[in-house]
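Residue numbers (the numbering used here), protein chains in the order written: chain A, 1148 to 1614; chain B, 8 to 259.
In short, the hints are calculated from the structure, not lab data.
Please read these numbers as outputs of a predicted model, since none were measured by experiment.
Zero decoy hints are in this set.
If you want a taste of the chain A side facing chain B, the calculated C-beta under 10 angstroms gives, among others:
no., residue
1, 1441
2, 1443
3, 1445
4, 1450
The beta-carbon is built from N, C-alpha and C at its ideal position, and this holds for glycine as well.
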Amino acid sequence: MKKLFAEMRKEFLVLIRDIPGLTILFLMPMFLILVVTLTQENAFKKVNESKITILWNDNDTSLYGETIEKGLVESGFFEVIKVINNKKISDSEVHEKISKGEFQIGVIIPANAAEISKKRAEDLIKSSEKKNGIAKINDNSEIKILVDPTVRDSYKNSVVSSIKRLIQAAEFKILIDRFIQVMNLEVNNQFDKKMKSFGEKDFSVDLKGFAYKDEVNKQIAKKMKAFSDEKVVIKIPEFPWNDKNLIKIKEEIAQKAESVIKPSIVQNNVPAFTLFAMFFIVIPLSGSLISERNEGVYNRLRTLPVSYFTLVFGKVVVYTFVCIIQFVLMLCVGLFILPIFFGFPALELGSNYFALILATVASALAAIGFGLLVGTFSKTHNQGAMFGSVMVVILGIMGGIFLPIYLMPESFRHISMLSPVRWGIDSFLNIFVRAADVKVVLPDILRLVGFFILALFVSMITFLKRN
Amino acid sequence: MLEQSQSIILVKDLRKKYKGAEEEALKGIDLVVRRGELFGLIGPNSAGKTTLISILCGLLKYDEGMVEIDGINMKFDYKKIKGKIGLIPQEIALHSSLTVKENLNYFGSLQGITGKDLENRVEDCLTILQLHQHSNKKISKCSGGIKRRTNLMAGLIHNPSIVFLDEPTLGVDVQSRNLIFEYLQDLNKLGVTIVYTTHYMREVESLCSRVAIIDDGHRIVEGTPKELIDANIGCFDLTQVFIKLTGKEIRD
Ligand SMILES: Nc1ncnc2c1ncn2[C@@H]1O[C@H](COP(=O)(O)OP(=O)(O)OP(=O)(O)O)[C@@H](O)[C@H]1O
Ligand SMILES: [Mg+2]
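For reference, chain A alone in the conformation it holds in the complex (with noise of 0.2 angstroms):
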């Protein structure tokens, strides 16, 4: 009992005496379930509450495009956006603002929507009558929906059936509405003509509202009565069901013109996942940075003549390599395996290579970077190990690998630009996707490389300074 005790004593002394040890135990969990249900629960509050934001342009400001505006709002699941700093947003710049990703759908309302929609309700109710099918529209207008390609296929489908359940809900409306016109003059038509064939002028019968073939005749049977017991049969023009939308509706990814990629699952995990794998190497090199420390090797190079530079430089070298071995393996999943051995789409490169290479290199480059600062304030192997791997876990969560930024709550996709992870798959993503050039990703690479100095000289600064 006595050793049991001594055991166990031991073991509490060593636990708690580990200071960055219990951090990772206590705070990391904390922090990790903190950042996974923040994503989630918005991702859950997307379905129930927080509501999708549309871009949303009516050239046509009728009835038509504020019936499914207003059946979008009603809906409760989406806030409509029509105006942007003061200004009303142009077809242009709805399509540019989605192709860039600062907005994930867009509507487009063509400028004669009312009108055609008006005369193509009356050619289907016309052509019903005729019995003869359904016109055909000759014209091109048509409504576009416009979606972000890196949208994962799930949530656009989802978005984009409702909004054209929405659309026809509108559509219907008109269309009874026209249809109730019709039927009106028409039963009204063929009743007085019968009303003037017993002499009876001006009598006229009031269909109000939208009523079936059996409930007019039984209606005007009752009228009828009055006059004489022959049976008045008016023919009554046929309801157009019909499952077509008066005006064509286009679902249009919005992207460059001269871009020829199609958006798939593959195209948006190969980056995501590349970046995690490159962040992994956070492992081996603060591991190598650790046991340089611990094993008294620094103190030894210190000695030496040879700058830090070169010391740190010979890491960067090996690691970028590592970081573009990983790069290459992750496209030939993209590439070679999940298209040949599961169907999937194959990744498409785009046609950038140039801006490839960069994005490339300066992920490497803030991969390392991590690794350094990783190496340098941990004080063991378990310490850079645990602490290294749930920090890349929580900078990919944060970066969007697991759950897209745009099912983030609004506050949390500001701090997931603080993740290097989110820099690195921007640029990715903005390349194999949104067929983007260098000047686009410029940003996001300056930050990774900016990330990786920044890290380069907070561990030079720790392994120069003397105590």
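Given the coordinates of chain A, assemble chain B with the ligands onto it according to the supplied hints.
Coordinates of chain B with the ligands only, in the frame set by chain A:
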């Protein structure tokens, strides 16, 4: 001053307190090492030997006093000492996943030795301490004695003119120890100044031309082994001198 003109290492009233420590590790050390000496620095555990050597190598800052090595003021120009000195640290300062030979190659290259020179020098180092049969073993797989020997050669590969050895014979068998001593004496004959730290009194008695005893951050005494034994009546060796002067037993 005659002493100063011959001296290669000059330490005056050196004081050092570690951050967060209660007591000073060095409490006013004075020391002179002459050019070409094999100088012994002896003292019990915690005396401050490693601290002193670290300051002499420019690894640690010091609070007060003066340290000059080969004319270099270590307060300001400590970077100039790099490459001139060879440090054999008390702990094994090697890459454990590299082999004996790879470690020697690595540290040799960082010293600026290249090509054929490096190859020859590594061969020499392996020969001197009979490391050949272990040369392709990873350090992590080597015995303690082989690690020590490699640790020693890694600090000497560039033929430094001043060498600091911090307890280089810990855990080394008698044969290897003699090998090391012979080599150090050879080096010394070539004019290399050697500062040798240990708490084995007997080692320094035969090896060193002069010694200093330090204890608890103070330099107790300095002189040739013979001078110290003669000056302390009733003492026949350095161990007895040490016990007499510090009132402590020294544990080998
Ligand atoms: N990094 C440190 N931080 C705080 N105190 C230290 C540190 N290193 C050494 N000390 C203290 O400084 C004093 C001198 O230590 P030092 O290592 O120089 O002794 P030493 O003579 O080399 O001993 P040994 O023979 O055991 O190697 C000791 O009291 C020790 O506790
Ligand atoms: Mg020591």
